[in-house]
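Asks: Sequences listed follow chains R and U, in order.
Start counting the first sequence at 1; every next residue gets the next number (the working numbering).
Start counting the second sequence at 1001; every next residue gets the next number (the working numbering).
It is worth saying that the hints were derived from the structure and are not from the lab.
Treat the hints loosely; a few may be bogus.
Said to hold, decoys possible - Derived Cβ-Cβ restraints for the label pairs, each shown as a range: (1) U/Gly1083 with R/Pro39: 40 to 48 Å; (2) U/Asp1055 with R/His10: 16 to 24 Å; (3) R/Arg64 with U/Phe1046: 26 to 34 Å; (4) U/Ala1041 with R/Ile54: 25 to 33 Å; (5) R/Arg15 with U/Ala1041: 23 to 31 Å; (6) R/Asn53 with U/Gln1014: 33 to 41 Å.
Stated by the list, open to error - Facing chain R, from chain U, some residues (calculated, C-beta under 10 Å): (7) Val1004; (8) Asn1027; (9) Tyr1032; (10) Phe1046; (11) Ser1049; (12) Gly1060; (13) Phe1062; (14) Pro1082; (15) Asp1084; (16) Leu1104; (17) Gly1107; (18) Gly1109.
We put the CB at the ideal spot given by N, CA and C, even for glycine.
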Amino acid sequence: NAGVMQNPRHLVRRRGQEARLRCSPMKGHSHVYWYRQLPEEGLKFMVYLQKENIIDESGMPKERFSAEFPKEGPSILRIQQVVRGDSAAYFCASSPGTRETQYFGPGTRLLVL
Amino acid sequence: DQQVKQNSPSLSVQEGRISILNCDYTNSMFDYFLWYKKYPAEGPTFLISISSIKDKNEDGRFTVFLNKSAKHLSLHIVPSQPGDSAVYFCAASGMYSGGGADGLTFGKGTHLIIQP
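The following block holds chain U by itself, in its conformation from the complex (with noise of 0.2 Å):
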């Protein structure tokens, strides 16, 4: 049973514009999450965090938003820029959640390219 879920395998978004990426979750326990982004054998950085008791982080070009009603997140990359193709990951942890509570769970990844 997948726990974090990000349901765009790709997305393909013109250098300029914004790039919109989505995960949503299903454990109620989560209370952080993350955004990871991966390059090919290289491992995971980190971009942005958010925690449960705030709607909306921003840092730079980056802007991640939490809807916790809704069990959903999105990472806002504006604007889009040639090095921001890669795959990016959605991960959360929370107290008593599996994994550990320290323990992340990662969505599958969304493969973002962006288009000259």
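Looking at chain R on its own, in the form it has when it is part of the complex (with noise of 0.2 Å):
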């Protein structure tokens, strides 16, 4: 039974460009979240996701962050117009239900230059 997975592992984007994160949850799996950490931070949830729905985005930036879990496909986490500041590793986990334990994806590092 695969994993998380998550793709591309490492992204390298100028400022102003557009970053696409691609999260395959666990066979099985219905329910997905995104994290970001930041150099020397823990973990911080940005959104929780089921298939075609957001259940809870309070952890996203208002602004040039959007995430989607469509029916078909991976969940995807899209920033538009990068800076500096986006540079982190981004997570991604999933569970078989609410309130269930969470599995981690390896993470995709991105790169702001």
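Join the two chains, each given in its own frame, into one complex according to the hints.
Replies: Dropping the structure here:
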């Protein structure tokens, strides 16, 4: 049973470009969560999605960031017009249901030049 | 305002001895707690969890203790092995706790170093 998959593992963007991060949950998991980790910090919750629905986006910046989890395909975290402060590791997690253990992917390390 | 605090950025323990990692929380709405282990350039790996109706949960070499009155939990690893060297994150969730009822609130981590 494959774990949570994220791609790309590393992403370099110039200021003003768009970044698209993908996450495929574990088989049988329909709940996806995105977290961001800045250097020397813990992970910070961004958004919680189920298929075709955003359940909670209270941790997501109001501008430039969006997330989706379509009926088919992976969950996408999209960052428009990236700035240097967006440089971080972005982790996706999945769980089989609400309030159940979350399992994490390997992360995407975004570097904005 | 940090709701989950791991006050020791690092901890060094001799191989074979007990490692004790501590975590404090401030939000009384948290009712589910987890420990994750993380190696550099990898995602966090789930270790063990405990719900607020319990005060202890054990899985092999790992035991988590929860003291609700003190809002404190600890992870005990015994005996400690070289492969345990990693960063350990404490995380919590709860209804109406902010960060989403299902979103986890993480501490900043403790870097555990097991010395031979």
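Asks: Does each hint hold? Answer for all of them.
Replies: Tested hints:
1. U/Gly1083 with R/Pro39: 40 to 48 Å: Check failed, 25 Å falls outside 40 to 48 Å.
2. U/Asp1055 with R/His10: 16 to 24 Å: violated, 42 Å
3. R/Arg64 with U/Phe1046: 26 to 34 Å: Holds, at about 31 Å.
4. U/Ala1041 with R/Ile54: 25 to 33 Å: holds, 29 Å
5. R/Arg15 with U/Ala1041: 23 to 31 Å: Given about 24 Å between the Cβ atoms, the range holds.
6. R/Asn53 with U/Gln1014: 33 to 41 Å: Hint violated: Cβ distance 50 Å, outside 33 to 41 Å.
7. Val1004: holds, 8 Å
8. Asn1027: violated, 13 Å
9. Tyr1032: holds, 7 Å
10. Phe1046: holds, 6 Å
11. Ser1049: Result: holds, 6 Å to nearest chain R Cβ.
12. Gly1060: Cβ of U/Gly1060 sits 16 Å from chain R, so the hint is violated.
13. Phe1062: violated, 14 Å
14. Pro1082: violated, 22 Å
15. Asp1084: violated, 18 Å
16. Leu1104: The hint holds - U/Leu1104 has a Cβ within 10 Å of chain R, the shortest such distance being about 6 Å.
17. Gly1107: holds, 5 Å
18. Gly1109: holds, 6 Å
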